[in-house]
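Student: All letters in the sequence shown, in the order written, are residues 1 to 589 by UniProt numbering.
Simulated from the structure, these hints should not be mistaken for lab results.
Hints are supplied without guarantee of correctness; some may be wrong.
[To be verified] Dumping the calculated BS3-like pairs for lysine-lysine here, alpha-carbon to alpha-carbon at most 27 Å:
1. K341 with K124
2. K225 with K135
3. K530 with K478
4. K499 with K486
5. K135 with K124
6. K243 with K230
7. K388 with K499
8. K478 with K499
9. K243 with K225
10. K243 with K108
11. K388 with K530
12. K135 with K388
[What the hints assert, rightly or not] Restraint-style ranges between C-beta atoms, simulated for each label pair:
13. K499 with Q131: 53 to 59 Å
14. A211 with A487: 36 to 42 Å
15. I479 with N370: 31 to 37 Å
16. N547 with T391: 27 to 33 Å
17. A237 with P498: 51 to 57 Å
Just so you know, these numbers come straight off a predicted model, no measurement behind them.
For glycine and all other residues, C-beta sits at the position ideal for the given N, C-alpha and C.
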Amino acid sequence: MDEVAKTEEYAVLLSQKVDNATDFVRQVASSAADPLTANLRTGDVIDLSVTATVEGSGRRRHLLEAAHGSRRSLLDFSSLLLGRGSLNISNIQLKRTNGGKDFVVGGKPVNITSLTFLVRMCGKELNFGLQDIQKIYFNKFAGAGVYTLQRQHEVCSFNKLLFPPETNLIFGPIDIPCQATVTASTTSTNNTGGKGDVSKLTMYQYDMTTACNDVEKYGVWELAKQWLQKNQPAVYANIRFYKRKVMMLSFADQCGWKGLGNTGCGDGHCLSWHRVPPSYVAEGSWGATSPDMTALFHELGHNIGLNHASRVYSTPGLETSVYGDVTDPMGSGYPDPTRVKLGPVCFTAPQAYKAGWYSPIDNPDYLDPNLDGVTTADFNLWTLQAGKTYTFTLPSMHLSDKNYIRVSLNTLNNVKLQSAIFLSYRLRQGPGGFDHAMRPAFNGAVMLHEYNGTASAKPDSVGVMTGLRALLRPIGGKIPDLQSNKAQFEFVLFYRSPKYTTGSEPSSLVARMVTTTADYKLASPPSTIKVGLCRANIDAFTADMANEDTCNDDFDRDCNGVLDSEESACEPFRFRRLLRQRGPLRHTV
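With the hints as extra help, turn the sequences into a complete structure.
Tutor: Structure, rendered in structure tokens:
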């Protein structure tokens, strides 16, 4: 056995997948319990020492031409040694952090670049062809007023992230077998550095009929790449230009997911795999002759670097459903099945903030004029004077890319993690338009999310997700949660946050509907809606707090919607206040 020590540069990749039963499930290649990888995040570039113990005769080293000089995942490198020995990794050092794919920075438009492979696995025909994908991908093949992937990006990103046909190519169907041994060319070298014989080295040995492990997924990708090299050499020569690689598989019955994709990807290939008809048929929406485009857009969101959209329950332990935000494609998606082929569901405010698509409201007519020095609806909680309610106007998100309120929950400018509450208002638009396929029950609701990430071109770590905390509406109501079945969705008049201790004094944020039922109709909600924000520095106004001062000012210190002067605890002081307002009594003779 020979030992070959080599230091290489690798990109860290995380993968996330869409599971049949529980929808979207994460699969990671790094672990918080592993001292070597605990501090790594998707897209980070690292130096590491690799020692390979390789079977063979003589003191010969093997130069892997398929890997040499390129950044590859640890999985790729170790797979190259399949059947030849063992691989030991040590001394991982972070070289530089790396952003995800296609983050929008400063509002500058970005073109997505991709290669889609229609893969006829095991000889099983796909239930659709290249022209069908063109119609569901691109506007010019589909016409107006229907769903396309291009239109979803244009509409939802306000033309910041684009999906033009010129930079997003489709190939196939291409034939890839169920079982294969995938090889790469290698050149042996001797001790003097001279080149020896060219030989084939096994990269992957896979069997899609019995397993769906990494060797199966990456084996299919390697064969798709080899097909491209043979049949489209000009495209293959420029393969790094096309950042995303999408593989639609007609057979993947051993895979427990609808789709799986790399998160962020940095400088590496940004891969995603998708089970498509006949291997997987979307339940009642896309049907048996189309890929599940809700799942595909979700995976492309992971490629951007976005994590899942969760729902946070108001339980003592703040139980979380990882995919529970049914209003966001990065959650369970949950589109209106009667509209899903006619228009998109767009990202929620925190996801779009992360992606660089939307920014906070800056229209002065929508901001409370009493909030001194605030020119955008992006401020920390302690900017609000405790006990005072500030009124904001929320426009429907389709009206402008400046469309939400962001209240940060600490007073430090911490670029790593900055927890914040987001408030936004959403209305379904016509065919092809913004949020056309959002479920009707959520139309006209104010959505309150919490998110611990920042708007930087760097994917968040594994546990950082957006969380739907509350739905506000002038008219109450409840609907079932068809995703988790844990708790109904309830539309409420106000929401009171937990108490945050990261500012100058422990405080909660209370968000309350200001628009009333007189100005709101469920059948046709208004294009804008008013909400009040109040910082509460006490839990409740009690009798021991009542005195001449607290009972005669205009504060609502517990933010319950009742001025302290009107609380029952202030009853003993109310007559004195009325006397002061009336002035001194005079006796006239």
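Student: Which earlier hints can't be squared with this structure?
Tutor: Per hint list: single violation, 12.
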